[in-house]
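A.B. asks: Make the full structure from the sequences, and use the hints.
Protein chains: 2
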Amino acid sequence: MRRTKEDAAETARQILQAAESLFLEKGYEKVSLEEIAVAVGVTRGAIHWHFKNKQGLLLAIRDRGKEPYRKLAAELSNNTAVSVLTKINDIVSELFERLENDPRQRGLIRCMMRLDISLTESDGICGATFRRELHQTFIQIFSAVEEEVRLTAPWHAESAASVFSATIVGLLSDWALEHSTVRLSPDGQALVKMILSGLISETCCQKNSRPED
Amino acid sequence: MRRTKEDAAETARQILQAAESLFLEKGYEKVSLEEIAVAVGVTRGAIHWHFKNKQGLLLAIRDRGKEPYRKLAAELSNNTAVSVLTKINDIVSELFERLENDPRQRGLIRCMMRLDISLTESDGICGATFRRELHQTFIQIFSAVEEEVRLTAPWHAESAASVFSATIVGLLSDWALEHSTVRLSPDGQALVKMILSGLISETCCQKNSRPED
DNA sequence: AGCATCTTCCTTGGTTCGTCTCATGAATGA
DNA sequence: TCATTCATGAGACGAACCAAGGAAGATGCT
Numbered sequence: 001m002r003r004t005k006e007d008a009a010e011t012a013r014q015i016l017q018a019a020e021s022l023f024l025e026k027g028y029e030k031v032s033l034e035e036i037a038v039a040v041g042v043t044r045g046a047i048h049w050h051f052k053n054k055q056g057l058l059l060a061i062r063d064r065g066k067e068p069y070r071k072l073a074a075e076l077s078n079n080t081a082v083s084v085l086t087k088i089n090d091i092v093s094e095l096f097e098r099l100e101n102d103p104r105q106r107g108l109i110r111c112m113m114r115l116d117i118s119l120t121e122s123d124g125i126c127g128a129t130f131r132r133e134l135h136q137t138f139i140q141i142f143s144a145v146e147e148e149v150r151l152t153a154p155w156h157a158e159s160a161a162s163v164f165s166a167t168i169v170g171l172l173s174d175w176a177l178e179h180s181t182v183r184l185s186p187d188g189q190a191l192v193k194m195i196l197s198g199l200i201s202e203t204c205c206q207k208n209s210r211p212e213d
Numbered sequence: 001m002r003r004t005k006e007d008a009a010e011t012a013r014q015i016l017q018a019a020e021s022l023f024l025e026k027g028y029e030k031v032s033l034e035e036i037a038v039a040v041g042v043t044r045g046a047i048h049w050h051f052k053n054k055q056g057l058l059l060a061i062r063d064r065g066k067e068p069y070r071k072l073a074a075e076l077s078n079n080t081a082v083s084v085l086t087k088i089n090d091i092v093s094e095l096f097e098r099l100e101n102d103p104r105q106r107g108l109i110r111c112m113m114r115l116d117i118s119l120t121e122s123d124g125i126c127g128a129t130f131r132r133e134l135h136q137t138f139i140q141i142f143s144a145v146e147e148e149v150r151l152t153a154p155w156h157a158e159s160a161a162s163v164f165s166a167t168i169v170g171l172l173s174d175w176a177l178e179h180s181t182v183r184l185s186p187d188g189q190a191l192v193k194m195i196l197s198g199l200i201s202e203t204c205c206q207k208n209s210r211p212e213d
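Protein chains in written order, with full-length UniProt numbering: chain A, 1 to 213; chain B, 1 to 213.
These are calculated hints, taken from the structure and not from any lab test.
Just so we're clear, the structure is a prediction, and the values are computed from it rather than from any experiment.
One or more hints might be untrue.
If several chains are the same, the list does not tell them apart, and a pair holds so long as it fits within one copy or across any two.
Derived SDA-like pairs (lysine to any residue); straight-line CA-CA distance at most 20 Å [said to hold, decoys possible]: (1) 26 to 122; (2) 30 to 53; (3) 193 to 109; (4) 26 to 123.
C.D. replies: If you want it as structure tokens, here you go:
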């Protein structure tokens with residue numbers, strides 16, 4: 001039956017692929033494992049060998065789809081000389097445009113949303129939800145921001161990160177769930193820009209204005 | 001067994017009540033209809049007589065929990081003389097405070113989120129999701145706004161309503177799903193205020209600055 | 001290299017659990 | 001009286017999950 005170790009990885013990949021398209025096409029709970037199995041050409045047991053259970057499939061699909069956001073985190077963590085405000089803005093804008101142009105991403109985000117709800121309901125710990133990871137990322141970012149520039153009025157790093165990540169997730173979920181109400185590309189970008197300029201007092205971003213120089 | 005018509009309504013109410021607490025306590029998919037039935041003291045058949053299916057329970061729970069938002073829509077629709085900006089702001093702020101002080105609301109919002117995902121996945125029409133209704137409300141609001149005051153820069157009624165409702169839903173879902181990251185009461189309110197003042201050019205809102213007086 | 005053995009990968013069959021249906025019946029309300 | 005409403009209980013059906021087995025690569029030993 002099986003020929004090589006790579007063959008096994010290939011069937012796992014095929015299972016994941018079939019699951020993703022079927023989930024996107026028919027909805028998670030309308031798809032049975034049997035259906036996925038016959039789509040690939042294996043039996044149910046094969047799925048349970050490679051993945052723990054049906055939710056494990058969802059987890060794996062999500063992990064495959066996390067690269068765009070890891071990229072976001074990576075690009076934000078390495079400090080460059082440009083203003084932090086415009087930097088965050090650019091990264092998020094680019095992310096939004098990439099999502100708009102990749103139809104697969106909508107299904108992936110739907111998977112993440114469903115998984116987030118299931119994880120928070122089942123695990124009391126609710127570790128590693130999508131929103132939580134995004135939130136952690138932004139806490140780091142805004143903590144770094146707080147040292148360089150000043151956050152306006154009542155904001156501090158954590159509250160700013162909270163509302164900012166909530167906004168991002170709100171935009172993404174609305175875009176993923178509703179058919180064509182929110183447009184990430186012009187509208188979401190503009191909103192992000194507005195919020196950022198509201199959170200960060202831009203005048204402090206000038207490097208050469210620091211007194212100890 | 002059954003005594004009167006009111007008794008029947010009472011058991012339906014009890015079923016709904018038990019379902020809501022169990023869903024909140026253990027998570028939707030971990031709760032079986034059998035469990036709900038014995039909690040009330042009936043059998044599964046009784047649940048299926050009053051509600052179409054398990055998702056019907058969720059729908060009914062959501063409908064019971066929609067009053068706060070209907071109230072929001074109602075208060076926003078009747079025009080008072082105050083500035084539209086401050087009016088929206090006040091209503092949303094009051095909503096946020098009410099939610100923060102009512103622990104039941106978190107579970108209800110979780111129900112709405114789960115239902116929204118299921119509805120968009122199963123029904124192609126995805127009619128009457130929570131986010132869609134909220135979006136519709138804000139479209140009306142901002143359309144009315146557009147006639148009185150001016151929306152800033154690139155915004156028009158629909159795009160403003162889209163991003164605004166997305167933000168609200170983002171805040172609500174984050175608050176409902178994560179344990180204590182987002183605080184609606186000071187942080188969410190401040191964000192809403194910031195966004196509103198960014199969307200609406202406030203200078204036009206002064207009633208007494210109009211030339212025809 | 002060649003054999004034995006282990007491990008990996010997958011099938012088959014079966015168990016369990018949950019939703020939903022249906023036939024039945026009791027009490028009510030007209 | 002008698003149809004309707006409310007509810008029971010058994011059972012059909014489907015789907016997730018489990019366990020034993022087996023076949024073929026992978027691994028170790030000489």
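A.B. asks: Does each hint hold? Answer for all of them.
C.D. replies: How the hints compare with the structure:
no.: 1; hint: 26 to 122; result: between (24 Å within a copy, 7 Å between copies)
no.: 2; hint: 30 to 53; result: both (16 Å within a copy, 15 Å between copies)
no.: 3; hint: 193 to 109; result: neither (22 Å within a copy, 28 Å between copies)
no.: 4; hint: 26 to 123; result: between (26 Å within a copy, 10 Å between copies)
Of the hints listed earlier, the one the structure fails to meet is number 3.
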